[in-house]
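Trainee: The lines below spell out each chain.
Protein chains: 8
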Amino acid sequence: MKSHLKDILEQVRQGQITVDDAVKKLKDFPYQDLGFAKVDHHRELRKGFPEVIYGLGKTNDQIIKIANAILDKGSNLLITKVEESVYTSLKKSLPQLNYNDLAKVAFLKQKEPPGGQGKIVIITAGTSDIPVAEEAFVTCEIFGNTVEKLYDVGVAGLHRLFGEMDKLMTAKVLIIVAGMEGALPSVVAGITNIPIVAVPTSVGYGASLKGLAALLAMLNSCPGGVGVVNIDNGFGAAYLASLINHL
Amino acid sequence: MKSHLKDILEQVRQGQITVDDAVKKLKDFPYQDLGFAKVDHHRELRKGFPEVIYGLGKTNDQIIKIANAILDKGSNLLITKVEESVYTSLKKSLPQLNYNDLAKVAFLKQKEPPGGQGKIVIITAGTSDIPVAEEAFVTCEIFGNTVEKLYDVGVAGLHRLFGEMDKLMTAKVLIIVAGMEGALPSVVAGITNIPIVAVPTSVGYGASLKGLAALLAMLNSCPGGVGVVNIDNGFGAAYLASLINHL
Amino acid sequence: MKSHLKDILEQVRQGQITVDDAVKKLKDFPYQDLGFAKVDHHRELRKGFPEVIYGLGKTNDQIIKIANAILDKGSNLLITKVEESVYTSLKKSLPQLNYNDLAKVAFLKQKEPPGGQGKIVIITAGTSDIPVAEEAFVTCEIFGNTVEKLYDVGVAGLHRLFGEMDKLMTAKVLIIVAGMEGALPSVVAGITNIPIVAVPTSVGYGASLKGLAALLAMLNSCPGGVGVVNIDNGFGAAYLASLINHL
Amino acid sequence: MKSHLKDILEQVRQGQITVDDAVKKLKDFPYQDLGFAKVDHHRELRKGFPEVIYGLGKTNDQIIKIANAILDKGSNLLITKVEESVYTSLKKSLPQLNYNDLAKVAFLKQKEPPGGQGKIVIITAGTSDIPVAEEAFVTCEIFGNTVEKLYDVGVAGLHRLFGEMDKLMTAKVLIIVAGMEGALPSVVAGITNIPIVAVPTSVGYGASLKGLAALLAMLNSCPGGVGVVNIDNGFGAAYLASLINHL
Amino acid sequence: MKSHLKDILEQVRQGQITVDDAVKKLKDFPYQDLGFAKVDHHRELRKGFPEVIYGLGKTNDQIIKIANAILDKGSNLLITKVEESVYTSLKKSLPQLNYNDLAKVAFLKQKEPPGGQGKIVIITAGTSDIPVAEEAFVTCEIFGNTVEKLYDVGVAGLHRLFGEMDKLMTAKVLIIVAGMEGALPSVVAGITNIPIVAVPTSVGYGASLKGLAALLAMLNSCPGGVGVVNIDNGFGAAYLASLINHL
Amino acid sequence: MKSHLKDILEQVRQGQITVDDAVKKLKDFPYQDLGFAKVDHHRELRKGFPEVIYGLGKTNDQIIKIANAILDKGSNLLITKVEESVYTSLKKSLPQLNYNDLAKVAFLKQKEPPGGQGKIVIITAGTSDIPVAEEAFVTCEIFGNTVEKLYDVGVAGLHRLFGEMDKLMTAKVLIIVAGMEGALPSVVAGITNIPIVAVPTSVGYGASLKGLAALLAMLNSCPGGVGVVNIDNGFGAAYLASLINHL
Amino acid sequence: MKSHLKDILEQVRQGQITVDDAVKKLKDFPYQDLGFAKVDHHRELRKGFPEVIYGLGKTNDQIIKIANAILDKGSNLLITKVEESVYTSLKKSLPQLNYNDLAKVAFLKQKEPPGGQGKIVIITAGTSDIPVAEEAFVTCEIFGNTVEKLYDVGVAGLHRLFGEMDKLMTAKVLIIVAGMEGALPSVVAGITNIPIVAVPTSVGYGASLKGLAALLAMLNSCPGGVGVVNIDNGFGAAYLASLINHL
Amino acid sequence: MKSHLKDILEQVRQGQITVDDAVKKLKDFPYQDLGFAKVDHHRELRKGFPEVIYGLGKTNDQIIKIANAILDKGSNLLITKVEESVYTSLKKSLPQLNYNDLAKVAFLKQKEPPGGQGKIVIITAGTSDIPVAEEAFVTCEIFGNTVEKLYDVGVAGLHRLFGEMDKLMTAKVLIIVAGMEGALPSVVAGITNIPIVAVPTSVGYGASLKGLAALLAMLNSCPGGVGVVNIDNGFGAAYLASLINHL
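Chains as they are written, first to last, in our numbering: chain H, 1 to 247; chain B, 1001 to 1247; chain Z, 2001 to 2247; chain V, 3001 to 3247; chain L, 4001 to 4247; chain Y, 5001 to 5247; chain A, 6001 to 6247; chain D, 7001 to 7247.
Quick caveat, the hints were computed from the structure, so don't treat them as lab data.
We put the beta carbon where it would ideally sit given N, CA and C, even for glycine.
One or more of the hints may lead you astray.
As a list, the in silico DSBU-like pairs of lysine-lysine whose alpha-carbon atoms are at most 35 Å apart [as the list claims (entries may be wrong)]: (1) L:Lys-4091 <-> L:Lys-4149; (2) Z:Lys-2092 <-> B:Lys-1109; (3) Y:Lys-5210 <-> A:Lys-6081; (4) V:Lys-3109 <-> V:Lys-3210.
Examples of chain D residues toward chain B, derived with CB under 7 Å [what the hints assert, rightly or not]: (5) Pro-7030; (6) Tyr-7031; (7) Asp-7040; (8) Lys-7058; (9) Asn-7060; (10) Phe-7107; (11) Lys-7111; (12) Pro-7113; (13) Gln-7117; (14) Gly-7211; (15) Ile-7231; (16) Asp-7232.
Covered stretches of chain B, as calculated for chain H (at least 3 residues, CB under 8 Å) [said to hold, decoys possible]: (17) 1198 to 1208; (18) 1216 to 1226.
Using the sequences and the hints, build the whole thing.
Mentor: Given below as structure tokens:
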């Protein structure tokens, strides 16, 4: 690998090279062509984290080959949205692979990632939201963040939230996971000045429209300070929270 | 008018007549045929309140004729969704007509309606929700209820809600009016055991989808005890709350 | 448990304590932290009914632990949206658990709940709507209400509704369950002055959009007096109806 | 005009010519090319009614030229969805043009159309649905049908419908026009065996979604015998009803 | 059964009795209360066809009991949306039951229904639309109509439609079944004056939105004469077509 | 301007330079920074046509400044979605500006664009679709194509289409513009092997959902060979058709 | 077969026969009536490719009969959307049938199709989009085109796209397949002047709405030159691209 | 004002007081009851910024009274979504009020807010997105942030983005504003590790669905690091970005 993006960016920040030169180098960054995939070995330098495998719609064979390409570079491995039966199958080729069965996430940590500066607190409205929260949890950890969980403190019993405010207030960033009416991010945004990454979940039925109701509620939060990611996207929430936590 | 529905229903409750006989009488109840409208003079007996005029999509002339038919029977008059310019025009024919310009409701009370037993408290999340709340207010009043207002206590500053809890807790029924994320009914349902009639409003923009976001949130309320009416339907909320308050 | 919410609320109503003081006590109310759940033992005092377990999205192990926490407090247990296979599994740990297989509701009554004042009548438009109606039925019963059923009286044969009017008219509150065009709440609202809790069901196909058609119809009911809950939400309808019936 | 479609179709029915020959002739049918429009002078023969001008999205000049082309052939003229200001402008060029201001339909009858066999009864749920019903009325009349109106008999006061059943039962086809929850076609279909053409209207607000709620309700009618046309499409309803009435 | 609806309606048509008297009798019409169902034995008189069982959402036991109640009255039996496994199970209790496995319709004809006057032609755009068309076919037959099929003549090869025009033109009513873009009813409406009942199907994927695309297309048909029923509702189309064919 | 994209691409095609080198040069291409806009003077080289101004959401002043920047380079000017009042205002600064009032497009041709190889035929279903077709027409012309118009040949009178087949068959590419049910592209795709660019229009009302019905229909075309652009996007259709015509 | 469409069209282009005569001949073109299907043997002449079987919603038996009818004419066979279990079953009757298990497409090439003039390059944003791309690939090949694949070059690592620009720039037409945010067609359209056929895929979850998000993004592409087909419609994209490539 | 939230929070962070005590104090925080509004004077302490007035749905009189209440406390004033005519009217009572006519935001800075640590760069895809970007700009400034603008660098000419990378890379947080296909946040997220707040705009027409297309695209961003706010919500984006920038 000819050059490290981090160095390049540092040089840009310090005015040592022009951005023009930086961009020209970008095109020379390495990727590994597997035919069905072009593994972006450069991403770890560019984004701070290596490429993550989205498990849906890929064959086991494709996942294994991409995983090996990533592991061969010494990077940490994260595979999201993996059914347990797929994990069992992957495990045969990748015996050190770990699995969070609530989150349906497989992972393998080969080295310590750069640590974040503060703490990320992951909050759920209910117990049924935990699978999405756990996806965020595994992602935050493998991205080098200190994380704490605060589950089942939704609006049906707000005293539970109030009773855990000291844990909540120690966060640098909050990830709030809620389905149904998705009111919890608004409530928390009304009482704190901590940036919130809100994750709607598909928990609910009927007019929850598979999470659209919670999504819309979060996008319309009256109190400010809320950024929203896709329904059930614990991974994406952790990604953004981790970027903020590494500032 | 041959028979009063109230009497009939009382007789049914007391077993003095069969419901069969009661239903047979229903068909004989009076309505007044204006060609473009069949004014249901029987509704006051059947439902407790006289027919209410929905102002949209009717010509001024039609509204005036229906209004006169209702007033001629000595009933109270309520016209919803009436633009001020229409009211001004109606006023010429109906000089005693009153108007709530926030609610865009015209009304004329000719007699005292039967009183409700408890109090209805009307709550809004924000100031922009007031027009819908006022429609509920005027309707509650003309239907004979004691009403109190509690405006602008939404989730952006929950201490305002907590600070007004004593007013809230005196209600027999709550009407809660909220736009944007529509979280307030859920929050209140989490801390009280008072039946809630929730009214989503079209306050908001973009992903509020003209009130659909708030509507969906209210339908998905995690805490129980919430019944929802149409977007911006202050009238319908008051109707249901009044029925409950007259139990 | 330091204080009973009911007492507190009574004191508020009688002006013996300020609401400020009441709210301050709220935060001290007990909940039991199971890690994945914070069981709200205070809810029974606050809402009149103990916490109810929403069965979807929870592991069997989570359900059992929450159920035991509730039962240990001597409260009645209600678990909604439970597949029969899950129930069979739960039954091993909770041998006294009962199951309504139409409603997919598991329940265990340990004590007699406070009784409602009137009767709740549950109406369905068709036979296919019965599962949702039965969820409402089990919930109404465990919440202490007298309930009567009136099934399959939809608009395809209105004489069946008229023939059962005497049963219908004895209700203090109506729960009306209907799929497809969802017209029945409007029809009943046109002929009675009893508050109606309307439950759209996902019965139908194609343009029923899994119950959205019925939901929209009920929200747009021309006659007043109708409050709507989520699609297939028999539990939520019973919750609201029970609150009204306990007024 | 070389051949009359009616004659051709008659010959087909009687086996005098093959349909192959009939179709070959189709391509030779006349149309008049105005550049911006190809006026289909053949339609009257093929469909029983001449081409009708859809007023939206056309310039006054375009409408006038098409109208003159139709009138020049001695056909009756019907222009739908015409604002009053446009009509006033058209009137200058077409002084004999008539206008139904409720329906926003302009028309000019030059000859008597072939009469239908039975009667079409047009029903509305409310007064606000009348504009759409009037569009159907004008269309039915200019297409040669006997028509009767039965307005404002919706579910808010079903005794009005029952009280007019004798008028309703004389129809060969029913056109039922309703907004909001759109329940009336279902109710009528439950008690008659007359074919129903159902027209949802955009009367309502909020969750009526500009008539979608009524449209979906009508498509999901539990009782059979209901065919649905587009929202506010009084013209289309009359077209279908007229075809049935001319059978 | 005290009175036959047909006789009553005849008397109304001939002015021998008032509709008032007719309606009064309606309430006395018989239905059989099975608890979970109120079988409407009166429907055959009122609508011309007996009650039809909608198979979805009912237990086998419920279906069998309703079916027996209908058969006991000597009526013909029709059960729609029945999976083959359910049919196999029903067959044990109802050995004479027949099954159309394309349509997933079970039926048993005990007597000859009153015949229609003309012929119904059922058209499909493609082969994949046949299941819905067959549901219409079975229904038309058991309702006493002469039916002919014209399958796979969609817009991808219009010469197939033109080549079968002589069959098409003999119809009194057309049922046109199409998925994907749903263009066929518009095309046929452009070249005939026969009333069309259009049935959108869920054939397609992606932006067909499970039949919504075809539904919307049919509702927006530019040529007139098209009435639309629910997606995949072959039964409903046959119901309406049969009413028209029996005029 | 250091280098012409066309030359670069030619060199790439002929293997004279690597694409790597070509891409590196891309970043050096010129754009003019107006603060509120970065006018892409390079686009004409890269795409074959200069930057086109999308008129909506821009102030008159912004449009004029961008227009002048484009004209100063000697390029042809095209401004879409411009209301007549805006055009009148622009005209003061740009006196040679032309306007197509049906299309609401302003344009000024300073030089002859490179000509296309074949002919583009623009077809509309109805007269109301002409504004969108005219937007396509002006765009095609200013992009150097030979264009022919074929308006008002929709499915309500297919013989008009058949009668103009010789004009249609001379096209290298077809642009087909249709609202309502949007069936025309499917019909034409069924009988030709010419690539079709389909443009849904917002012509229609109610369930046309402002053009969504036509859009969905076109996306679901059963016959192949149809590419779809945005609703009312005559410009985009012309852009794609012109690229194909210049192959 | 009396006449070849290709010859007819050639004669039309050369003015040797009128289109009128051409159209008249169309109706005489052959199709084979299998009852459940009318196999359009004429399509190969008319469209350049023979009829293709859409596998969904057809029984195995229907597919085999249509396939045999096509093969008997010496045409190439293509069956889309075929599950592997169905293929295995078909294989017994059609032993030479091939299968692309990623694309779920079965095919059998009996003769060489007419070759296209240029090259089609098929691009995917990610590995999960490959099944749709492969459907396009098989279709392009059997339609006689030279095809190249460029997989996994989405916006998460644009340097991969830049690194493969030389492959991309050799195309006459591009097929770009992308799910999730569907941004790749816009990005490519911004830097090339090659016509793009964009295929949204259902890759994603939650707010991807099964591909609607990508579909809408592609329809709204700011850079011009993009035509869109249905979600997951690799076949349709290949069809259009092949028509363009054969120009 | 008894206590400053900031102090309380600091004490919590330093363990000097428990959060329990902190929360108890919350309820005592001041708000000013204007009847139609409860002005939350406490918000500045709690959230870092004072209450902001949402201009839609409020009367001029209400806005002025709330504004005065805020100004009286010495806080800075921000009023969003204010039409110019409303501003002109407000200006009479609040002569020092400023107005950004692109953003439709009124504001009045009375004191210097606490400064952020880094820089916020606001990016737009096009010129038509500027009004929303300007709303973000004014908000960022009044909230004490250093801000830079980078307008019109969308995917139609990516070299403009590359050419401004040095400006972009100096940001601590990015606000990216885009309508139509909303691809820009994904593209930027692919090449940087700076947290992105994405703002979809309603720029576009037809299938942009008033910004829903861009919203969905942003929620489905394949590259991570993107948090989304409501359509056209420049204010909300600035709020979140400011919180992050003040970390």
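Trainee: Next step is simple, just say for each hint if it's right about the structure.
Mentor: Verification of the supplied hints:
{"no.": "1", "hint": "L:Lys-4091 <-> L:Lys-4149", "in the structure": "holds, 28 Å"}
{"no.": "2", "hint": "Z:Lys-2092 <-> B:Lys-1109", "in the structure": "violated, 64 Å"}
{"no.": "3", "hint": "Y:Lys-5210 <-> A:Lys-6081", "in the structure": "holds, 32 Å"}
{"no.": "4", "hint": "V:Lys-3109 <-> V:Lys-3210", "in the structure": "holds, 33 Å"}
{"no.": "5", "hint": "Pro-7030", "in the structure": "violated, 9 Å"}
{"no.": "6", "hint": "Tyr-7031", "in the structure": "holds, 5 Å"}
{"no.": "7", "hint": "Asp-7040", "in the structure": "holds, 4 Å"}
{"no.": "8", "hint": "Lys-7058", "in the structure": "holds, 6 Å"}
{"no.": "9", "hint": "Asn-7060", "in the structure": "violated, 13 Å"}
{"no.": "10", "hint": "Phe-7107", "in the structure": "violated, 19 Å"}
{"no.": "11", "hint": "Lys-7111", "in the structure": "violated, 21 Å"}
{"no.": "12", "hint": "Pro-7113", "in the structure": "violated, 19 Å"}
{"no.": "13", "hint": "Gln-7117", "in the structure": "violated, 26 Å"}
{"no.": "14", "hint": "Gly-7211", "in the structure": "holds, 6 Å"}
{"no.": "15", "hint": "Ile-7231", "in the structure": "holds, 3 Å"}
{"no.": "16", "hint": "Asp-7232", "in the structure": "holds, 5 Å"}
{"no.": "17", "hint": "1198 to 1208", "in the structure": "holds (count 4)"}
{"no.": "18", "hint": "1216 to 1226", "in the structure": "holds (count 8)"}
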